[in-house]
Amino acid sequence: MTDAGPDLVAVSDLETHFPIRQGLFRTVVGQVRAVDGISFRIGRGRTLGLVGESGCGKTTAGRGILRLVEPTGGRVHFDGQDILGASAATLRSLRRRMQIVFQDPYGSLNPRLTVRAILEEGLVIHRLGDSPERLRRMTVALERTGMPTAALARYPHEFSGGQRQRIAIARALVLEPDFLVLDEPISALDVSIQAQVVNLLVELRQELGLTYLFISHDLSIVEYISDHVAVMYLGRIVEYAAAVSLYATPLHPYTHALFSAIPSVEPARRRGRIVLPGDVPSPASPPAGCRFHPRCPLAEAVCRTLDPPPVELDGHRVHCHVAARHLAAAGAAEASRQVAAALAATLPADS
Amino acid sequence: MPLLEIQDLVTAFHTPAGRVTAVDGISLSIERGMTLGLVGESGCGKSVTAMSVLGLVAAPGRVERGRILLEIDGDPVNLATLPESRLRRMRGGRVGMIFQEPMTSLNPVFTIGNQVAEAVRLHRRASWREARARALELLRLVRIADPERRLDEYPHQLSGGMRQRIMIAIALACEPELLIADEPTTALDVTIQAQILELLADLRRRLGMAILLITHDLGVVAETCDEVAVMYAGKIVERAPAVELFANPLHPYTIGLLAARPEHRAGGKGPLAAIPGMVPQPRDFPAGCRFHPRCGHARKPWCMAEQPQLRELSPGHFVACHFAGELDAARPTEPADR
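Top line first, the protein sequences correspond to chains V and Z.
Counting from 1, position 319 in the first sequence corresponds to residue 356 in this note's numbering; the numbering is continuous, with no gaps.
Counting from 1, position 6 in the second sequence corresponds to residue 17 in this note's numbering; the numbering is continuous, with no gaps.
Mixed in with the good hints there might be a few duds.
As the list claims (entries may be wrong) - Example chain Z residues on the side facing chain V (calculated, C-beta under 8 Å, incomplete):
| no. | residue |
| --- | --- |
| 1 | Glu52 |
| 2 | Gln204 |
| 3 | Ile286 |
| 4 | Val290 |
Source of the hints: derived by calculation from the structure; they are not laboratory data.
Treat the numbers as computed from the prediction; the structure is a model and nothing was measured.
Here a beta-carbon is modelled for each residue, glycine too, at the ideal position from N, C-alpha and C.
My request is simple: use the sequences and hints to build the entire structure.
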C-alpha cells in the first residue's frame with residue numbers, strides 16, 4: 038500500500054455494538070458486539086477483500102464505514118476527512134463519493150420504479166446536473182456496465198439477476214464515486230454469470246480508478262480481485278495481509294481451516310480437510326481470551342485467557358498466540374508451514 | 012439393476028402463459044450405495060427432477076412422460092404412476108430427502124425430539140417412548156453434541172448447521188436406500204458445509220445408502236460424488252464418472268464452467284474466462300442446441316437447428332454436443348462479446 042500514495046480509507050478501532058433490550062422498560066441487558074475494534078486502510082485504486090462467515094461482522098463493518106449503520110466507536114477517515122464526526126451536510130457531500138452495491142439484486146432495486154427513476158434518485162438527492170446532464174450520466178453509467186440505454190424505460194423485473202446487478206452497479210456509478218463498498222455482489226448470481234460481473238468490476242476499477250471494499254465469503258473470488266485481504270471472525274480481524282501472502286502463507290488456524298474447507302475441483306488444491314468442531318459462538322457473549330479458542334485445534338492455556346495482540350511482520354498481521362510465536366521465530370513462510378503441520382497432526386488418521 | 016432409473020422424464024408446468032417444460036426428456040440411473048451429483052444453474056430443472064422422483068411436483072406442474080423406476084425388493088416400481096398413498100409411504104421410508112433451507116423445513120412450535128420421533132412413527136409401529144429412543148440414536152448418528160438436551164429444544168435454539176443435521180436425522184429415520192439432497196449445504200457457511208459433507212460421506216459408507224446430490228457447486232460435486240450429470244436448460248448435456256468429468260470435460264458448457272473459476276487464473280492476471288450471455292429460463296429455451304447462443308464453438312446450421320442427443324464418446328462418458336470430441340478440450344471457450 039505504501040506505493041499507492043495516501044490511503045483513501047482509513048479505519049481504526051471501529052466498533053459497532055447493538056444493545057440487547059429486555060423487559061418492560063426495554064432495559065439494556067447486553068451488547069451484541071457485531072464489530073469489535075477493527076482497523077485497516079485502503080490505498081487509492083486498491084481493493085481490500087473482507088472475508089468471513091455469516092455473523093462475523095463483515096457486512097456491519099462495510100455499512101459502518103458509510104454510516105448506514107452508526108458505529109459506536111473508533112474512527113473512519115475518507116480522503117483525510119473524519120466520517121464519524123462529520124456534520125449532516127459534510128456527510129452528504131462525502132457520501133456522493135462513497136457508494137454501495139448490495140448482495141441481492143432482487144431486493145435492492147425498487148420494483149415500482151423504472152431503471153431511469155432508480156438511477157436518477159441519487160442525482161436528485163445530491164442536486165447534480167440538469168435534466169440533459171442527468172440523462173447523459175445515466176446513459177454513460179449504463180453503457181459502462183454493459184447495459185443498453187433502452188433499459189432506462191423498463192422495470193427491474195424485466196431483467197435477469199446478472200443484469201439487475203449491473204443496474205445496481207450503474208446506480209452506484211452515476212454519482213461518479215471514488216469508493217465502492219461491494220457487499221457480496223456476486224453471491225446471489227448463477228455460477229456462469231459470476232465471472233461476467235467480476236470481470237466488469239475489475240474493468241471499472243481500472244478505467245475509473247475506483248477503490249473497493251469487497252466483502253465476500255467466497256475466498257477464491259476475493260483472492261482474484263483483492264490487493265489486500267482481511268479475515269474476520271466474531272467481530273474481529275484475525276489476519277491481514279497482501280492477498281498474495283495471505284493465500285501463499287496463511288498464518289491463523291482459522292484461515293487455514295477456511296481454505297481447507299473450500300471444496301475444489303482441482304485435486305492439487307485440496308488440502309487435508311480441517312473440519313472445525315462446533316459452531317460460531319454468539320457475538321453477544323464472545324469467548325474470553327482468543328475468540329477462536331473454543332474451535333481451535335491448537336488452543337493452549339494462554340488462548341483461553343489472553344486476547345492475542347496483533348503481531349506483524351512485513352505487512353502480514355496475525356492475531357494468534359501460536360502463529361505469532363512461529364512468525365517471530367522463523368518468518369511467515371515457515372510459520373505458515375508450522376501451523377499447517379500442527380493442524381494436520383490433530384486430524385484423525387483416516388482423513 | 013440400478014436402485015433408481017429415470018427414463019426419458021418430461022415434467023412440464025401448465026401456466027396461464029402457456030406450457031413450460033422444466034425437465035425435457037432426461038435419463039439417469041443410480042446404483043446402490045453410489046452418489047450421483049446433478050449440477051446446474053437456476054432454472055435448469057435439477058430441483059424439478061428431484062421433485063418428480065419424490066412425486067412432489069405440484070399443480071400446475073405434471074410429470075408428462077417417462078418412467079421413474081425404483082427397485083423395491085428386486086422389482087422395479089414406476090413411481091410416476093404410483094398412487095399417492097404408496098408414494099407417501101415411500102417418501103421418508105425408502106427414499107429420504109433433505110432440502111436447502113433447514114430453517115423453514117422444521118416446524119417452529121414442536122421440539123426437535125417430537126419431530127424426529129414423528130418421522131419414526133410415521134413409518135414404523137413404535138410407541139412414543141420407543142420412537143424417542145430411536146430419535147436419540149439418530150441424533151447421535153448425525154453427531155449432535157449433547158443429544159439428550161437437544162431433544163427437548165426447539166428449532167430456533169439451534170444453529171443452521173445443527174438444524175441441517177436434524178433434517179438429516181429425520182431423513183435417516185427409516186434407513187432409506189436413497190437420499191435425495193437438494194442443495195443441502197448452500198445456505199451454510201463453508202466450515203459448516205465441510206462438517207455436513209463429511210457427515211453425509213460417512214453415513215453413506217456406514218449405511219450403504221445411495222445419494223442423489225443436487226447442487227450448483229462443482230467443487231462439492233468433485234469432492235463427494237462418484238458420478239456427475241450436468242444439466243442445462245432442462246436437458247442433461249454431459250454425464251460421466253466424477254474423476255473423468257473433471258479431468259476431461261467434453262461439453263462446451265462444462266468446459267466453460269470449469270474455466271470461469273477464479274482458481275483457474277490465480278494471481279489475478281487477465282480477465283476470467285466468463286461464459287457470455289444469460290442463463291435461459293424454461294419459458295424461452297432456445298431452439299437447436301440450447302447452449303448455442305452462449306457457445307464459442309457453435310456452428311451453423313447444425314447447432315442452431317438440431318438438438319444434439321447424448322452420445323457415449325468414451326466408456327461411461329456421455330455428451331450432448333454435435334462437435335464434442337472434435338473440440339480442443341484443453342482450450343476454454345473464449346469469451347465472445349458480452
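Tested hints:
Because the beta carbon of Glu52/Z sits about 4 Å from the nearest beta carbon in chain V, less than 8 Å, this interface hint is met. Contact between Gln204/Z and chain V, as hinted, is supported at the beta carbon level, the nearest pair being about 7 Å apart and thus within 8 Å. At a threshold of 8 Å, the smallest CB-CB gap from Ile286/Z to chain V is about 4 Å, leaving the interface hint in force. Against a cut-off of 8 Å between C-beta atoms, the interface hint on Val290/Z holds, since the closest Cβ of chain V lies about 5 Å away.
Consistency with the previously given hints is maintained throughout, with no hint failing.
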